[in-house]
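Peer 1: With these hints in hand, go ahead and build the complete structure from the sequences.
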Amino acid sequence: MKNKKVIYYDDELNDEFSTAKITPRIINENYKYKRGKFWNVCSLIIQNVISMPIKVGYAKIKFRIKYVGKEKLKNSKGTGYFVYANHTQTFADTFIPSIAIFPKRNFLIVNPENISVKPFGWLVELLGAIPVPGNKSAMKNFLETIEEKIKKKYAITIYPEAHIWPYYIKIRPFKSVSFKYPVEMKKPVFCVTNTYQKRGKNGDKVKIVSYIDGPFYVDENISNVRAQKEDLRNRVYECMVERSKNSNIEVVEYRKK
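In case it helps, my numbering puts the sequence shown at residues 1 to 257.
Warning: the hint list may mix true and false statements.
[As the list claims (entries may be wrong)] Below, in silico cross-link-like pairs of lysine-lysine (DSS-like), each with a Cα-Cα straight-line distance of 30 Å or less:
1. LYS60 with LYS201
2. LYS104 with LYS72
3. LYS153 with LYS175
4. LYS180 with LYS104
5. LYS74 with LYS153
6. LYS170 with LYS34
7. LYS245 with LYS55
8. LYS55 with LYS34
9. LYS151 with LYS186
10. LYS74 with LYS152
11. LYS77 with LYS118
12. LYS104 with LYS62
13. LYS77 with LYS5
14. LYS207 with LYS5
15. LYS180 with LYS5
16. LYS70 with LYS201
17. LYS77 with LYS37
18. LYS153 with LYS140
19. LYS170 with LYS104
20. LYS170 with LYS62
21. LYS55 with LYS66
22. LYS140 with LYS170
23. LYS60 with LYS5
Bear in mind the hints are in silico, worked out from the structure with no lab data behind them.
Nothing here was measured: the structure is a model prediction, and the numbers come from that model.
Peer 2: Laid out in structure tokens, this is it:
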């Protein structure tokens, strides 16, 4: 693309390029992961009824989004599952997987910054955000919440790259730590790889094509839990790397310092 932005980076694992500067809330043992029935009903209405037309409209108008492989999710509609996606949009990443997963409810594991924007943090929570705990005391409630959502046959989306790199067209290395959830709960995994492709008469505009792959299952022939996480992570990572090769337009160029 002409006049494309160039960003220089040091560390693929830890560099963050979101423009938002937010002081994160402290997520400790006092944070309420579990809410009452009224909250849950409001969350369902906002998450899957009121906001869904807005999400779909924005994705189609802004990105002309197209999903490839959405039918794969149907085979696991009777169970909860985990979804792993590349992190390349500040706003749209909060709902790109949710559109494909609908009508199943989708929750997202997020950094505390995502629920810390005043006065809208509560709305992000209603939309399905589950913040990562800030200490060991909060971890128990966090894990119980994830298990509860999965038992209710919902989906949980995780961005294993952790940091936002807008319009990045490759897959950054990510750790296997977040794969402990499907390994411990013996649940299927899907991945969503968002690619950037040319559109328009001159091919100078961009659209998102999201590839959905899976399900991936824990290899029960591997006895070591740590090795199971690594194996699952590697299969998902390799699939996402292969799908990312379908990107054919670079809006932002990232260069190693």
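Peer 1: Please go over all the hints and tell whether each is borne out by the structure.
Peer 2: To see whether the hints hold, each was checked on the structure:
no.: 1; hint: LYS60 with LYS201; in the structure: 18 Å, holds
no.: 2; hint: LYS104 with LYS72; in the structure: 14 Å, holds
no.: 3; hint: LYS153 with LYS175; in the structure: 26 Å, holds
no.: 4; hint: LYS180 with LYS104; in the structure: 22 Å, holds
no.: 5; hint: LYS74 with LYS153; in the structure: 13 Å, holds
no.: 6; hint: LYS170 with LYS34; in the structure: 36 Å, violated
no.: 7; hint: LYS245 with LYS55; in the structure: 26 Å, holds
no.: 8; hint: LYS55 with LYS34; in the structure: 25 Å, holds
no.: 9; hint: LYS151 with LYS186; in the structure: 11 Å, holds
no.: 10; hint: LYS74 with LYS152; in the structure: 16 Å, holds
no.: 11; hint: LYS77 with LYS118; in the structure: 35 Å, violated
no.: 12; hint: LYS104 with LYS62; in the structure: 24 Å, holds
no.: 13; hint: LYS77 with LYS5; in the structure: 41 Å, violated
no.: 14; hint: LYS207 with LYS5; in the structure: 17 Å, holds
no.: 15; hint: LYS180 with LYS5; in the structure: 36 Å, violated
no.: 16; hint: LYS70 with LYS201; in the structure: 27 Å, holds
no.: 17; hint: LYS77 with LYS37; in the structure: 24 Å, holds
no.: 18; hint: LYS153 with LYS140; in the structure: 20 Å, holds
no.: 19; hint: LYS170 with LYS104; in the structure: 29 Å, holds
no.: 20; hint: LYS170 with LYS62; in the structure: 21 Å, holds
no.: 21; hint: LYS55 with LYS66; in the structure: 14 Å, holds
no.: 22; hint: LYS140 with LYS170; in the structure: 34 Å, violated
no.: 23; hint: LYS60 with LYS5; in the structure: 24 Å, holds
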